[in-house]
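The sequence shown runs 3 to 87 under the numbering used here.
Warning: the hint list may mix true and false statements.
Unchecked claim - Pair ranges (Cβ atoms, derived): (1) G53 x K87: 26 to 34 Å; (2) P42 x R68: 13 to 21 Å; (3) R36 x I82: 12 to 20 Å; (4) K43 x E81: 13 to 21 Å; (5) K43 x F73: 28 to 36 Å; (6) E84 x T52: 26 to 34 Å; (7) I46 x K87: 13 to 21 Å; (8) E81 x A45: 15 to 23 Å; (9) F73 x P42: 29 to 37 Å.
In short, the hints are calculated from the structure, not lab data.
Quick caveat, the model's predicted, so the values are computed rather than measured.
For glycine and all other residues, C-beta sits at the position ideal for the given N, C-alpha and C.
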Amino acid sequence: MADTDHTGGGTDTLDREIEQLLTREVVEEGDHERFSHYAPKNAILESALTGKPVKALCGKLWTPGRDPEKFPICPTCKEIYETLK
Numbered sequence: 003m004a005d006t007d008h009t010g011g012g013t014d015t016l017d018r019e020i021e022q023l024l025t026r027e028v029v030e031e032g033d034h035e036r037f038s039h040y041a042p043k044n045a046i047l048e049s050a051l052t053g054k055p056v057k058a059l060c061g062k063l064w065t066p067g068r069d070p071e072k073f074p075i076c077p078t079c080k081e082i083y084e085t086l087k
């Protein structure tokens with residue numbers, strides 16, 4: 003008869019470790035210096051289609067492509083946006 007007493011984590015532990023790896027936020031080198039910027043929605047949509055850079059309210063030219071939720075909002079863009087409301 004086979005021994006069914008397992009020592010170690012088993013599949014539950016492995017499943018949790020895999021889930022942590024899959025859901026871990028990947029932050030690339032230099033990301034700590036990045037911000038999410040405000041720009042006109044139509045310019046962001048055009049950039050998604052053409053790959054051309056977008057000019058943010060703060061003046062920065064960038065090509066949107068990362069999840070903006072992962073980065074803090076650019077303080078300059080936020081200040082300018084607040085004055086436009």
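Going through the hints against the structure:
Between G53 and K87 the beta carbons are some 31 Å apart, a value that agrees with the proposed interval 26 to 34 Å. A hinted range of 13 to 21 Å for the beta carbons of P42 and R68 is consistent with their spacing of about 18 Å. Evaluation of the 12 to 20 Å hint for R36 and I82 yields a pass: the beta carbon distance comes to about 18 Å. Range check, K43 to E81: Cβ separation about 19 Å, and the 13 to 21 Å hint holds.
Between K43 and F73, the C-beta spacing of about 18 Å breaks the proposed range 28 to 36 Å. In this structure, E84 and T52 meet the distance hint of 26 to 34 Å, their C-beta atoms being roughly 29 Å apart. Checked against the hint of 13 to 21 Å, the C-beta distance between I46 and K87 comes to roughly 19 Å, which is consistent with it. Judged by the Cβ atoms, the range 15 to 23 Å given for E81 and A45 holds: they are separated by roughly 19 Å.
The given range of 29 to 37 Å is broken by F73 and P42, whose C-beta atoms sit roughly 19 Å from each other.
When each numbered hint is compared with the structure, violations occur for hints 5, 9.
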